[in-house]
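Colleague: What follows is each chain in one-letter form.
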Amino acid sequence: MRQPMKPMPRQPEPGHITAHIYSDQTPFFEEKEPAYISEDTISMVEALNRALREEMERNPKIVMWGEDIADPKGGVFGVTRGLTNLYPDRVQNSPLAEASIVGVAGGMAIGGYKPIVEIQFADYSWPGFMQMRNEIPTLRWRSNGTWSDPVVVRMACGGRIKGGPFHSQCVEAIYAHTPGWYIVFPSNATDAKGLMKTAARADDPVLFLEHKRLYRHISAKSREPNADYLIPFGKGKIKRHGNAATVVTWGATVYTALELADEFDLEVIDLRTIVPMDDEIVFNSVKKTNRVLVLHEDAVMIGWGAEVVARIAANCFDHLDAPVLRVGAKDSFVASAVSLEDEVLPSVEDLRRELTKLLRY
Amino acid sequence: MSRKSKETPTNLRSEPERRIVPDAVVLELYRKILGVYYIEERLKILTRQGKISFLASSRGHEKVQVGTVMMLKPGHDWFFPYYREKAIAYALGMPVKDIFLHMLSREGDPSSNGRNMPEHFSSRELNLVSQTACTGTQFLPAVGMAKALKKDGSDAIVYVSSGEGAASEGEFAEAINWATREELSVLFLIQNNGYAISVPRNAQTTSEIHRIAAGFGLPSYHVDGTWYESMYETMPGLIQRMREGSGPVLIEAEVVRLDSHSSSDDQTKYRSDEELKRARERDPIMLTEKYILQHRLLSQDEIKGMRDKIQAEVNAAADEADAAPA
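In the order they appear, the protein sequences are chains A and B. Under this note's numbering, the residue at position 356 of the first sequence is numbered 356, and the numbers go up by one with no gaps. So this note's numbering is basically just the index in the second sequence, starting at one, shifted up by 361.
Any given hint could be a false lead.
[Stated by the list, open to error] Quick list of in silico lysine-lysine cross-link-like pairs, DSBU-like style, CA-CA up to 30 Å:
1) K73(A) <-> K434(B)
2) K665(B) <-> K73(A)
3) K670(B) <-> K511(B)
4) K61(A) <-> K638(B)
5) K61(A) <-> K511(B)
6) K434(B) <-> K458(B)
[Claimed, not checked] Okay, the calculated bits of chain B under chain A, using three or more residues with CB under 8 Å as the criterion:
7) 461 to 472
8) 500 to 507
9) 531 to 540
Worth flagging that the hints you see were computed from the coordinates, not collected in a lab. On a predicted model such as this, the values are computed, not experimentally measured, just so you know. Ideal placement from N, C-alpha and C gives every residue a C-beta, glycine not left out.
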C-alpha cells in the first residue's frame with residue numbers, strides 16, 4: 001500500500017515582501033494652500049528653526065542632538081539656535097561621532113521618543129552609514145512590523161560654499177538606494193518648514209537634506225506659512241509653467257533652471273521629496289512638453305537623475321520627441337578653489353548647452 | 362566606584378567547594394541550561410537534515426546567558442543580544458516552539474516570519490529587540506534605549522552583548538563612551554570565547570576588553586562565565602546599583618566555544634584536539650552537574666529523569682514547529 005504523501009512544511013507565504021518597509025501611517029495627505037503669518041520673507045535657516053520650535057512645543061517626545069547644536073552656538077549654521085535655551089533637557093551636544101548620533105537616535109526611537117538629530121555635514125555621515133543602512137531602515141521590515149524606528153536625520157549638504165571635497169557632497173542618491181527612508185530635499189523656506197513639520201510627525205525614518213548654500217541665500221527666502229501648514233511627502237511642485245521642455249530638479253539647482261526658464265520657455269519641476277518621488281507630476285509634464293532634462297548638483301553617474309530618467313523612459317516613451325538628458329556634476333570630487341568648484345558643479349552654461357541640444361533634436 | 366577608576370576587578374575563581382549560590386537557584390539554572398542544550402542538540406539534527414540554513418550554537422555560553430537573565434527582570438528590562446544568544450530568548454521565556462519556528466524560517470515565525478536569518482530572535486512582549494546580523498551594531502541602539510528609559514524615569518536596565526571580536530568595532534567604543542558620559546543603565550556583557558570565527562583573541566587587541574572599557578571610565582569586571590559562582594558574586598549588587606542610577610557596567614565573561622562558530626564552519630581546521638579537550642573540561646553544563654552531585658542536590662537518577670523530561674519537552678515543541686500545517 002502506498003504511504004500517504006507527507007505534506008510539505010510551510011514556508012512563509014510570499015506575496016507581501018514589501019509590507020512593513022514603511023508604516024501604514026504614511027504622511028500622505030492633500031496639500032493645502034499655505035496661510036502665511038506675514039508678508040515678510042524668512043530664510044531657510046529661520047524656517048527650519050521655527051518648524052523645529054513648533055514641533056518641539058507640540059510633541060514633548062522630540063529630542064535633538066548633534067555636534068555644536070546646543071546654545072549659545074546653536075549649530076554651525078544656526079538651525080537649532082535658541083532651542084537649548086527653550087528645552088535644555090531635550091537639546092544637547094553629542095560627542096563628535098556620527099555613528100553615535102544616528103545609532104543612539106535609533107535606539108531612543110525604539111523607546112518611544114522622536115529624535116531629530118543633526119549631521120553637521122553630509123560628507124561626515126559615513127561612520128553612521130552602517131546604522132542608516134543596516135539598523136534603522138530594516139527594523140520594521142526585519143521584525144515583520146513589530147518594531148519601528150522613526151528618527152529624523154538632518155544633514156547639511158551641497159556645494160558652492162568653497163567647501164572642497166568634504167563639505168560639499170550631495171548624498172540623496174546614495175541614501176535613496178536603501179529602502180525604508182523618506183528623503184526630503186527642500187529648495188526654499190516655505191517648503192523647508194512644511195516638510196520639516198511632516199518629518200517630525202512621520203512614523204518612519206526621514207533623511208532631511210538641507211542645502212547649505214540655500215540656508216541664507218536670498219533666492220531661497222520665502223514667506224513663512226503658519227503652524228498648521230504641512231507638506232505631504234511625495235509631492236513635487238511646478239515652479240514655472242512652460243511648454244518647450246521640462247526640467248526636473250530639486251535643491252539648489254532649482255534656481256539654475258529658473259534662470260533659463262524664460263529664455264527657453266521651460267516647465268520647471270521641483271521634486272521636493274526624493275523618496276517617494278512624485279512620478280505623476282513628472283510624467284504629466286513630459287506628456288505636455290515632450291522634451292525633458294533632469295538637473296541635479298550630485299554627480300551624473302548613478303545620481304538620482306538616473307532613476308528619474310529610467311522612470312520617464314518606461315512610462316513616457318511614446319511622448320518623447322528627444323532623448324532624455326541629464327545635467328549634473330562631473331564624475332569627480334568637488335574642488336575647493338572657486339574656479340575648480342565651478343568646473344565640477346553644473347553651471348547655468350552647462351544647462352544652456354544641453355537645453356539647446358534638447359530643443360534642437 | 363569612581364567614574365574615572367581604572368580598576369577592573371577580576372573574579373575568575375571557580376572552586377566548586379564554595380557554596381555561595383542558593384540551591385534553588387543552582388537547580389533553576391541547571392534546568393534552563395539543559396533546556397538550551399537539548400534545543401541545540403535538536404537544531405543540529407535539523408541542520409544536518411538541511412532544514413535550517415544557519416546555526417550558531419550557544420554551547421559554552423549558555424550559563425552566562427541564562428544566568429544573567431536570571432539576575433534581571435524579564436518583561437521589564439530590555440535586551441539587545443547578538444547572534445549566539447538563543448539562551449537569552451529561552452531564558453526570557455520565548456516558547457520553545459517559537460524558537461524552532463524562527464530557526465526553521467517557517468510561516469508564523471514570530472521573530473520575523475522568515476525575513477531575518479535564523480538566530481535573530483525578537484519579541485515585543487519580552488522587550489527583546491530584533492537584531493541585524495552585523496557585528497557590534499546593537500551597542501548604539503541599546504544606549505539610545507537606555508536614554509529613553511532614563512528620560513521615562515524607569516529603573517529598567519538595557520542588556521547588550523557581543524563576543525570579544527565585535528568589541529573591536531568602532532561602534533563599541535562609541536557606545537561605551539556615550540553610555541558612560543550620560544550614566545545610562547546599560548549592562549554590556551562581552552562573552553569572550555577566544556575566537557571570532559577562526560581569529561584568536563590576541564589578534565583583536567593586545568589589551569583586554571574590560572581594561573579598554575575601564576579606560577573610558579566605565580566600571581568593568583572580569584568574570585568566569587562558565588562558573589555561576591563567579592557571576593553570582595559580582596553581578597547582582599552591580600545590577601541593583603544600576604537600577605538606582607549608578608550608570609553602566611561592563612562584564613567581560615570568559616566562556617568556551619564548544620561548537621564551531623556556525624553550521625558553516627569547522628573549527629577542527631584551526632583548533633587542536635588538545636585545545637578542544639581543554640575547552641570541554643570547562644563545559645558549563647558539566648561543571649554544574651558536577652557541583653550538583655558533589656553537594657548532593659540531586660542524585661544521578663534524578664538528573665537522568667530531569668534530562669529525559671526536558672529533552673522530551675523540547676522535542677515535542679520541535680516536532681510541532683517542524684510539522685506540516687494541519
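Colleague: Now tell me if each hint is right for this structure.
Modeller: Hint check:
1. K73(A) <-> K434(B): violated, 42 Å
2. K665(B) <-> K73(A): Outside the cut-off at roughly 69 Å; violated.
3. K670(B) <-> K511(B): violated, 42 Å
4. K61(A) <-> K638(B): violated, 54 Å
5. K61(A) <-> K511(B): Distance ~13 Å between K61(A) and K511(B) Cα, so the pair holds.
6. K434(B) <-> K458(B): holds, 22 Å
7. 461 to 472: holds (count 7)
8. 500 to 507: This one holds; 8 residues, not fewer than the three required, reach chain A with a Cβ under 8 Å.
9. 531 to 540: The restraint on the region 531 to 540 of chain B holds, since 6 of its residues have a Cβ under 8 Å from chain A and three suffice.
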